[in-house]
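Trainee: For reference, the chains in residue letters:
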Amino acid sequence: MLGRVRVAGHSMEPSLRHGDTLVYLRLPLRAGTVVVAEDPRDDRLVVKRVAAVEGDDVVLASDMPGHESLLVERSAVLGRVVLRC
Amino acid sequence: MRIFGRPRTAYAHCDLPCGVYDPAQARIEAESCYKIMEKYKASNDPVFKERAIAIKEERAELVKHHLDVLWHDYFKPEHLEKFPELHEIFWKAAKQVSAVKASVDMAEGQKLLDMIDKVDEMWRKTGGPEKTRVPSSAKKAA
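Top line first, the protein sequences correspond to chains A and B.
The opening residue of the first sequence carries number 1 in the numbering used here; numbering runs sequentially from there.
The opening residue of the second sequence carries number 1 in the numbering used here; numbering runs sequentially from there.
Treat the hints with care, as some may be off.
Label-pair distances were calculated between CB atoms; the ranges are [said to hold, decoys possible]:
#, chain 1, residue 1, chain 2, residue 2, range
1, A, Thr33, B, Lys76, 37 to 45 Å
2, B, Lys41, A, Arg17, 41 to 49 Å
3, B, His79, A, Arg6, 19 to 27 Å
4, A, Met1, B, Ser103, 30 to 38 Å
For the chain A half of the interface with chain B, some residues (derived, Cβ under 10 Å), not all of them [to be verified]:
#, residue
5, Met1
6, Val7
7, Pro28
8, Asp39
9, Pro65
By construction, these hints were calculated from the structure, which means they are not laboratory data.
All C-beta atoms in this analysis are idealised placements derived from N, C-alpha and C, irrespective of residue type, glycine included.
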C-alpha cells in the first residue's frame, strides 16, 4: 500500500520539515525508521520515528527533543516513509 | 498522470489535544527560584541551605520544560514572522535558566523573570490568552 502525506509541524526537524511531501509504503516495522500512523487520540495522522516495537505496541518518538512519545497499535501504522519531495 | 490525490496532512507535533499554553507556568517556577535565592541568603542553617539549592535545581528544570513546550508547541512559523527575535529570546531564556541553576545571585533570578516576561509579551500579542485560557465562571456569567 502506497500513500502520500504533507508534513505539518516541526517535531521531526531536522529530518523532515513543515510542508515536506512524503511518500510512504507498507513495509515491515523496524525501529529507527520514520512512519506515518493514525493518531489514537483523534482521526489525524502523525509522522514519527519508530523508537521501539514490543509485540503489538509501537512507540513513536519525535526527532526534536522535548516532544512526548506516542504509543500506537501496530495496525495503526500505515507505512514507512520512503521518499521525501 | 496523477497517481495520488491531494495528500493528507501528517502531523509532526505532539502538543496535547487541549492546546493550553501559558507562560504563567514558567514564571511561577522562576519566581520560586528567585524566592529560594532570597531565603538562602537570609539563612544560616546549612541543612536548609542545602535543601534550598536542591529545590531551586528542580524548579529551574521546570522553567526550562515550560519554556520548551511554549517554544516548540505554542509558537508557530507565522509568529516567527511577527517576532523575528523569537528564537533568540527563547535561547537566551534557556541559557538564563542554567545561570540561575548555577547561582544564588538574585539578580540572575530577576533577569530570568524579565526574559519570561518577554515571552509573555509575545504570547499575549499572538492571542495567547484568548486561545488558551478558560475564563472563570464568574466572568462567563457577567
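Trainee: None of the hints should be skipped; say for each whether it holds.
Mentor: Going through the hints against the structure:
| no. | hint | in the structure |
| --- | --- | --- |
| 1 | Thr33(A) with Lys76(B): 37 to 45 Å | violated (28 Å) |
| 2 | Lys41(B) with Arg17(A): 41 to 49 Å | holds (47 Å) |
| 3 | His79(B) with Arg6(A): 19 to 27 Å | holds (21 Å) |
| 4 | Met1(A) with Ser103(B): 30 to 38 Å | violated (56 Å) |
| 5 | Met1 | violated (12 Å) |
| 6 | Val7 | holds (5 Å) |
| 7 | Pro28 | violated (20 Å) |
| 8 | Asp39 | holds (7 Å) |
| 9 | Pro65 | holds (8 Å) |
Of the numbered hints listed earlier, those contradicted by the structure are 1, 4, 5 and 7.
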